[in-house]
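*Asks:* Put together the whole structure using the sequences plus the hints.
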Amino acid sequence: MIELHRVSKVYSVGPVKVPALSDVSFRVGKGEFVTLCGPSGAGKTTLLRLLYREEIPTEGEIEVLRQDVTALTRSQVAALRRSIGIVFQDAKLLPGRTVYENVAFVLRVLGTPRREITGRVFDALRAVGLSARAQAYPPQLSQGEAQRAALARAVARKPLLLIADEPTGNLDEGMAAEVIEIVRDIWAGGTTVLFATHQATLAAALKQRTLSLQNGRLLKDEG
Amino acid sequence: MFGFLLGEALRDLRRAGRVAVSAIVLITLSLAALGAFWLLSSNLAEAVVQFRERVKIVVYLKREPSSGESRALVERVRALPGVAVVRYVGKAEALGTLKQVLGKDAAVADALPQNPLPASLEITPTAEGATLEGARALVMRLGALPETDEVGGGVEWMEQFAHGRRLLWLFGLGVGAVLAAAAILTVTTATTLVLHARRDEMEIMRLVGAPEHVVRLPLLLQGMMQGLLGAMLAIWLLVGCYAILGPRVEPLVRETLGLARLTFLRPHNVAFLMLAGTLLGGVGGILARGRAEP
Ligand SMILES: Nc1ncnc2c1ncn2[C@@H]1O[C@H](COP(=O)(O)OP(=O)(O)OP(=O)(O)O)[C@@H](O)[C@H]1O
Ligand SMILES: [Mg+2]
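Protein chains in written order, with my numbering: chain Y, 1 to 223; chain D, 224 to 517.
Do not rely on the hints blindly, as some may be mistaken.
[As the list claims (entries may be wrong)] One side only, chain D facing chain Y, incomplete, derived with CB under 7 Å: (1) Phe227; (2) Asp423; (3) Met428; (4) Gly432; (5) Ala433; (6) Leu452; (7) Leu456.
Just so you know, these hints were derived from the structure itself, not from any lab.
Glycine residues also receive a C-beta, built at the ideal position from the N, C-alpha and C atoms.
*Replies:* Written out as structure tokens, the structure is:
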């Protein structure tokens, strides 16, 4: 499903080079649940962005869904992304649209037939327990609700791979546990999950395979 | 899918609010200027045609030719370059016309011991002969005929005529310049506003793997709708101005240009304006697309 071979990423900010990942290699099989754990600035977001080709590695090879992501054309990148559901660290909900519209928007731009949309949006909202807030606008949502809305948007089109970048980031324990339960359900449905968090306790509680990142290096791969 | 994209474009238009309005206003103004210029210039062109028909050059003859001579003379003059129609006016006919003009004072003419009016040729120039240079050349050629006493008429008309056309030309240039500036401004404004309003949507679309045409089409459609709206407003504006100002200007127009009335733009001009507006807005959309490239 995912394979990284000696991947490094260095950001160039003008003349300054910022190393974000160094020599990272690992492999994730179909149907796995993998936690990506590391303190702030460890390189989690960078690693995930490499997977859906928002960034290009400075060195090394990356294969996602059997495709060499560095060699893709623009339309191939789009096709790859259609198979991946992403929960962004900053949620990226469109503020001028309701929760329902946010989820429907993605389905519509991907060409889902009109009559299927309502059903699929409500399925996704039910899965994250947000059907009652369908008509709310993102600024009216609590952080937990916003993360769940983002999750609903990511899974509404039934991706093969779910990439979740700190979906529990700013949540209290109870809310975080709720979100984790939802992600587990999605995983149980057959979706491969990559789940990033900076909370080591949360990673431990998940009791899944955990990749530990620190200063851009892969320290441990266990569980 | 198209309905959805159109909906997205409409939403952007609403959201862009004031800036969209100003873009539409700019398109309206530039197209209204274009339309107004067009209206004026087509009316002037109409006047030009009428001028030409009315311009006559008169050649006064030294003596009245016999009917055979006059026919030969007419043939000779008709063969000259720049001459469209030649009409021979004999002394008697000239006097008849004078009497008509004098009306109830015609008795004055009857009191004359003999007919003082010369025979003449009334010449209508061709299109080339009606230009300033053409008319001068023609007058020279006519003056050189052995039968000619004097050549009159025409040239003063020509001078005025050339002056009018120069004015029209300058006016056109000025309007064109203003128009170009307004259009460029419009497109730039539209570009920035569209990009700003759609940035989040475009990012999400790209991140979830929407096909490129889906990402871009709403921008283009929105631009085109702005342009079309601007064009429709411009046409309304022109119709309004025409209805209000037309009757007021017409007496003036009648006197200076000899036109009975101002004609409004023809349907194909109106269609062109709509198309031009849509294109103008579309260009804004395309430019926005260009800048949206990473
Ligand atoms: N676009 C960028 N340009 C330059 N440097 C960047 C960029 N994005 C990230 N970095 C740097 O790369 C390093 C890794 O950042 P990254 O966002 O991947 O960490 P993270 O593990 O996701 O952190 P957090 O838990 O705070 O989200 C950091 O030092 C960061 O400053
Ligand atoms: Mg991060």
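*Asks:* Of the hints given before, which are not true for this structure?
*Replies:* The structure breaks hints 6 and 7; every other hint is satisfied.
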